[in-house]
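Top line first, the protein sequences correspond to chains A and B. So that you can map any letter, position 113 of the first sequence is 112 in numbering that gives the first Met the number 0, and since no number is skipped, the others follow by simple counting. So that you can map any letter, position 60 of the second sequence is 59 in numbering that gives the first Met the number 0, and since no number is skipped, the others follow by simple counting.
Derived from the structure by calculation, the hints contain no laboratory data. There could be a bad hint or two in this list.
Stated by the list, open to error - With a straight-line cut-off of 25 Å between C-alpha atoms, the simulated SDA-like cross-links for lysine to any residue are:
1) Lys123/A x Val57/B
2) Lys166/A x Leu36/B
3) Lys196/A x Ala71/B
4) Lys166/A x Val29/B
5) Lys207/A x Ala25/B
6) Lys72/B x Ile154/A
7) Lys123/A x Lys207/A
8) Lys123/A x Leu5/B
9) Lys166/A x Ala69/B
10) Lys166/A x Val43/B
11) Lys166/A x Pro48/B
12) Lys90/B x Ile41/A
13) Lys90/B x Ala152/A
14) Lys72/B x Ala238/A
15) Lys166/A x Val60/B
16) Lys123/A x Val33/B
17) Lys90/B x Ala151/A
18) Lys166/A x Leu38/B
19) Lys166/A x Ile13/B
20) Lys207/A x Val58/A
21) Lys166/A x Gln84/B
22) Lys72/B x His209/A
23) Lys166/A x Val33/B
24) Lys72/B x Pro138/A
25) Lys72/B x Trp170/A
26) Lys72/B x Lys207/A
27) Lys72/B x Ala191/A
28) Lys90/B x Val168/A
29) Lys90/B x His209/A
30) Lys123/A x Lys72/B
31) Lys166/A x Val44/B
32) Lys72/B x Ile82/A
33) Lys72/B x Val58/A
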Amino acid sequence: MSHAWRVTVFLAGAAGIAVLFALVCRTLPGPLPVRNRYAEAINSRVYAQRNVTDAVSAVNFDYRGFDTIGEEFILFVSVLGSISLLRITSERTEGLLADAAEPSRDVPASDAISLWVLVMIAPKVLFGIYIVTHGQLTPGGGFQGGVILASAALILYVGESFAVFRKVVSWRLVELAEAAGAGGFLLIGMIAWFWGKPFLTNVLPLGKTHELTSGGTMPLISLATGLEVMAGFVLLLFAFLQETLTVRGEE
Amino acid sequence: MIFLQLGILLCVLIAGTTVVFTRGLASQPVVVSVFGLMLALMFVVFQAPDVALSQIVVGAVGLPLIVLLALAKLRRDAQLLHRQQDEDETK
Numbered sequence: 000m001s002h003a004w005r006v007t008v009f010l011a012g013a014a015g016i017a018v019l020f021a022l023v024c025r026t027l028p029g030p031l032p033v034r035n036r037y038a039e040a041i042n043s044r045v046y047a048q049r050n051v052t053d054a055v056s057a058v059n060f061d062y063r064g065f066d067t068i069g070e071e072f073i074l075f076v077s078v079l080g081s082i083s084l085l086r087i088t089s090e091r092t093e094g095l096l097a098d099a100a101e102p103s104r105d106v107p108a109s110d111a112i113s114l115w116v117l118v119m120i121a122p123k124v125l126f127g128i129y130i131v132t133h134g135q136l137t138p139g140g141g142f143q144g145g146v147i148l149a150s151a152a153l154i155l156y157v158g159e160s161f162a163v164f165r166k167v168v169s170w171r172l173v174e175l176a177e178a179a180g181a182g183g184f185l186l187i188g189m190i191a192w193f194w195g196k197p198f199l200t201n202v203l204p205l206g207k208t209h210e211l212t213s214g215g216t217m218p219l220i221s222l223a224t225g226l227e228v229m230a231g232f233v234l235l236l237f238a239f240l241q242e243t244l245t246v247r248g249e250e
Numbered sequence: 000m001i002f003l004q005l006g007i008l009l010c011v012l013i014a015g016t017t018v019v020f021t022r023g024l025a026s027q028p029v030v031v032s033v034f035g036l037m038l039a040l041m042f043v044v045f046q047a048p049d050v051a052l053s054q055i056v057v058g059a060v061g062l063p064l065i066v067l068l069a070l071a072k073l074r075r076d077a078q079l080l081h082r083q084q085d086e087d088e089t090k
């Protein structure tokens with residue numbers, strides 16, 4: 000197929016999509032405020048029914064908690080898949096790990112970056128924990144807090160080196176956290192069975208609104224998700240860095 | 000408010016188009032990260048702070064980093080392959 004033909008076919012297809020897109024856009028609701036029956040139902044009930052202030056977390060961890068389990072395990076399985084794919088070559092280069100312990104970067108991080116990272120790590124960890132534990136009160140929750148915690152490990156590599164990263168982050172421990180997070184979510188869901196209620200029913204005492212313990216199972220699920228997400232991202236990072244940098248050390 | 004919304008939508012449009020037209024493999028992750036940041040700002044403007052929080056870390060940091068690391072791994076696998084081929088030829 001010649002170049003001119005390809006462009007013609009593309010333009011014809013693009014024009015068709017543009018027409019359909021314009022038709023669809025005409026029926027879309029305008030920008031804020033959006034009137035949505037589901038959103039209104041949730042917003043008007045969440046405060047009285049569950050003693051929490053963040054409707055998004057209430058939907059994620061309670062009303063549609065089962066969907067969140069699916070999402071959690073999507074992450075779990077994709078991390079598992081990536082690691083097992085990366086492992087195929089890393090076993091071959093296992094002996095080279097000793098070399099990787101020596102900082103092997105093309106350009107070492109400048110003192111300014113190292114200092115900034117050291118200053119930032121503690122606030123970042125604190126902020127991550129805050130986001131995880133306040134999921135039911137303010138925007139955020141397990142997933143958001145988990146990725147923030149994982150990025151604390153990431154900037155450790157950016158500001159220092161992989162050697163320092165390996166010293167601080169224990170593969171075993173992170174693996175354990177990953178499993179505990181994923182399994183913890185399921186276990187919390189099973190608590191409801193002791194009351195003869197369906198899986199993931201919010202059976203724990205709801206506590207007082209605006210308090211850390213409000214929301215029954217919500218803060219627990221948020222914690223489990225935070226653990227799982229943090230560990231998943233750190234494992235992914237660990238595997239990738241190990242793969243890429245071991246080889247650098249060998250050169 | 001409507002101007003803020005239009006402005007941020009325009010930024011997302013420009014950043015997204017830039018991502019498509021960036022050809023350099025090494026510079027693509029950086030442009031994607033800027034695009035991710037624009038998306039996060041858009042989520043904030045449209046009152047979805049929960050989504051914005053995860054978008055900042057996943058879209059602006061996580062995705063570009065994984066792409067960058069994958070590129071580094073590919074380059075290094077290619078080098079290993081070349082070296083092996085050279086050794087085979089010398090034998």
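* Indices of hints not satisfied (ascending) -> Those not satisfied are hints 2, 3, 4, 5, 7, 8, 10, 11, 12, 13, 17, 18, 19, 21, 22, 23, 24, 26, 27, 28, 29, 30, 31 and 33.
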